[in-house]
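Participant: Protein sequences, first through last, are from chains A and B.
If you want our numbering, it's the 1-based position in the first sequence plus 792.
If you want our numbering, it's the 1-based position in the second sequence plus 167.
It is worth saying that the hints were derived from the structure and are not from the lab.
Check the hints yourself; a few may be wrong.
Claimed, not checked - Under the rule of at most 20 Å between Cα atoms (straight-line distance), these lysine to aspartate or glutamate pairs were calculated in the DMTMM-like manner:
#1 B/Lys265 to A/Glu853
#2 B/Lys265 to A/Glu834
#3 B/Lys265 to A/Asp942
#4 A/Lys858 to A/Glu871
#5 A/Lys944 to B/Glu351
#6 B/Lys265 to A/Glu832
#7 A/Lys889 to A/Asp877
#8 A/Lys944 to B/Asp270
#9 A/Lys1022 to A/Asp993
#10 B/Lys273 to A/Glu915
#11 B/Lys273 to A/Asp986
#12 A/Lys836 to B/Asp270
#13 B/Lys265 to A/Glu828
#14 A/Lys930 to A/Glu892
#15 A/Lys1022 to A/Asp986
#16 A/Lys1007 to A/Asp993
#17 A/Lys835 to B/Asp270
#18 A/Lys1022 to A/Glu892
#19 A/Lys966 to A/Asp1011
#20 A/Lys930 to A/Asp1017
#21 B/Lys273 to A/Glu832
#22 B/Lys273 to A/Asp857
#23 B/Lys273 to A/Glu834
#24 A/Lys930 to A/Asp971
#25 A/Lys884 to A/Asp1011
#26 A/Lys1015 to A/Glu853
#27 A/Lys1015 to A/Glu871
What you are looking at is a predicted structure, and each value in this text was computed from that prediction instead of being measured.
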Amino acid sequence: MKQFSNRYIFIFSSVMVVAVATLLSLAATLLQPAQERNLEIEKKRNMLESINISSTRGNTEDLYDKYINESFVINSKGEPVDGVDAFTVVLKNEQKKPPEEQYLPIFRAVPDDGEKVIIIPVEGKGLWGPIYGYVALKSDMNTIYGVNFDHKGETPGLGAEINTSAFESQFHDKKLFDDENFVSVQVIKGGAADADIHGVDAISGGTITSKGLQKMIFDCIQKYDDYLLKNRN
Amino acid sequence: MNNQEREPIFSAKNLKLLTEPLGKNNPITVQVLGICSALAVTVKLKPAIVMALSVIIVTAVSNFVIAAIRQYIPDRIRIIVQLVVIATMVILVDQFLKAYVFDVSKQLSVFVGLIITNCILMGRLEAFAMGNKPWPSFIDGIGNGAGYGIILVVVAFVREFFGSGTIYGYPVFEKLGIYKAGYENNGMIILPPMALILVGLIIWLQRSRNRSLIEKQ
């Protein structure tokens, strides 16, 4: 192996770094539209899952247009905010704002059984990273119609179980309110009693993810408090 | 490097580079490299196949690139240069997966990123590409990537078949009606330790058939 001068080494590294940076930014820019489309489809798909409609990558858009027919944004007092597209609201960014300035997206859907459902997006922290999902409420604004959760990198077999249908199906028909008081859904270690209308079984071995999930639902839906109380029937 | 006469593209020597890692110089079962991802992505066939293809592409191309510029790489920063080449390739593969096979990229999640730390790559760059021409290095990369991939696919096949009762997502057992006869999927085989045991069994099988692989005491 030849000996190289320090000067050569510096020039070599600089050229290498610039070449690699150009290549990567080029690839990122060219592939971005396709990647963003995938994320959009994924979002629609998760939303459909929360009202118990499973879709494939191909028919997601059609089903979304068929079932989810309205979306709007409200503020923390429950008043509608004009001029904001609910679909493009990034929850993570909203959560950094002061509560009174946050945009709160709502999606309306009518599944095949004719129930008028609203879908509320939620986002919080699991053990390793973000967890997120959608909670669909029946028209009484109290009973959960269905949920969908997903995560970025929870432990497979433990925390990652939150996106299995076995866990998600427990939320059906749970109640968020006790009369006028918002109590949300508790994730109960050791298992919830069948009659418990506010509790679901936690995931064994996934305590921190379960707790994070409970906090996520509480924090996110509490902001809709006024709207939900005003619009219940 | 002073060998001036041109050799044919698929000379016997080059072919050996391709076939040896599949068998008696397999990176997983003989060199015991890249075990961690072999345990992680072998629950189902589909991610295993995509992972295998990704590793083949990354090893082959980074081997080629390093071999092509090997005379210009300063010895003192060669490991850094190797890592930069590997990391670039892996990010490119990851971006492509995200754009065109989103579901698979979601399943593979962190493991694509972890190709960077897969020992097979650094091992091949340091041991082979730094001292050989681009074309043999490219073949060596494909061979080693494929040697890794073949074990991945075998393990994934067994785990998916017995663990979930499917082959590449096709519900074989259900179609055959075996569940009605009281059969249940083996839940244990889905867990990572079973992958290790399967790899162990493959190593045992290979060594009992090829005694030259057994270390002398």
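Participant: Taken at face value, is the distance from the CA of aspartate 1017 of chain A to the CA of lysine 930 of chain A at most 20 Å?
Facilitator: Holds: lysine 930 of chain A and aspartate 1017 of chain A sit about 15 Å apart, inside 20 Å.
Participant: Can the restraint linking lysine 265 of chain B and glutamate 834 of chain A be considered satisfied, given a maximum Cα separation of 20 Å?
Facilitator: With a Cα-Cα distance of about 12 Å, the restraint between lysine 265 of chain B and glutamate 834 of chain A holds, given a limit of 20 Å.
Participant: Can the restraint linking lysine 858 of chain A and glutamate 871 of chain A be considered satisfied, given a maximum Cα separation of 20 Å?
Facilitator: 27 Å, violated
Participant: When you check the alpha-carbon spacing of lysine 884 of chain A and aspartate 1011 of chain A, does it fall within 20 Å?
Facilitator: 13 Å, holds
Participant: Is the Cα-Cα distance between lysine 836 of chain A and aspartate 270 of chain B 20 Å or less?
Facilitator: Cα-Cα ~14 Å, so holds.
Participant: Between lysine 835 of chain A and aspartate 270 of chain B, does the CA-CA distance stay at or below 20 Å?
Facilitator: 13 Å, holds
Participant: Given the hinted pair lysine 273 of chain B and glutamate 834 of chain A, is their Cα-Cα distance within 20 Å?
Facilitator: 10 Å, holds
Participant: Taking 20 Å as the top limit, are the C-alpha atoms of lysine 265 of chain B and glutamate 832 of chain A close enough?
Facilitator: Given that 20 Å is the threshold and the Cα spacing comes to 13 Å, the pair holds.
Participant: So if I understand the rule, the pair passes when the alpha-carbon distance is 20 Å or less; does lysine 930 of chain A with aspartate 971 of chain A pass?
Facilitator: 16 Å, holds
Participant: Lysine 889 of chain A and aspartate 877 of chain A were given as a pair; does the straight-line alpha-carbon distance stay at or below 20 Å?
Facilitator: Between lysine 889 of chain A and aspartate 877 of chain A the Cα gap is close to 18 Å, so the pair holds against 20 Å.
Participant: Is the hinted pair lysine 1022 of chain A and glutamate 892 of chain A satisfied, with a Cα-Cα distance of at most 20 Å?
Facilitator: At roughly 18 Å apart (the allowed maximum being 20 Å), glutamate 892 of chain A and lysine 1022 of chain A satisfy the hint.
Participant: Are lysine 265 of chain B and aspartate 942 of chain A close enough, with their CA atoms no more than 20 Å apart?
Facilitator: Holds. Lysine 265 of chain B to aspartate 942 of chain A sits at ~17 Å (cutoff 20 Å).
In this structure, the hints that do not hold are numbers 4, 5, 9, 11, 14, 15, 22 and 26, in rising order.
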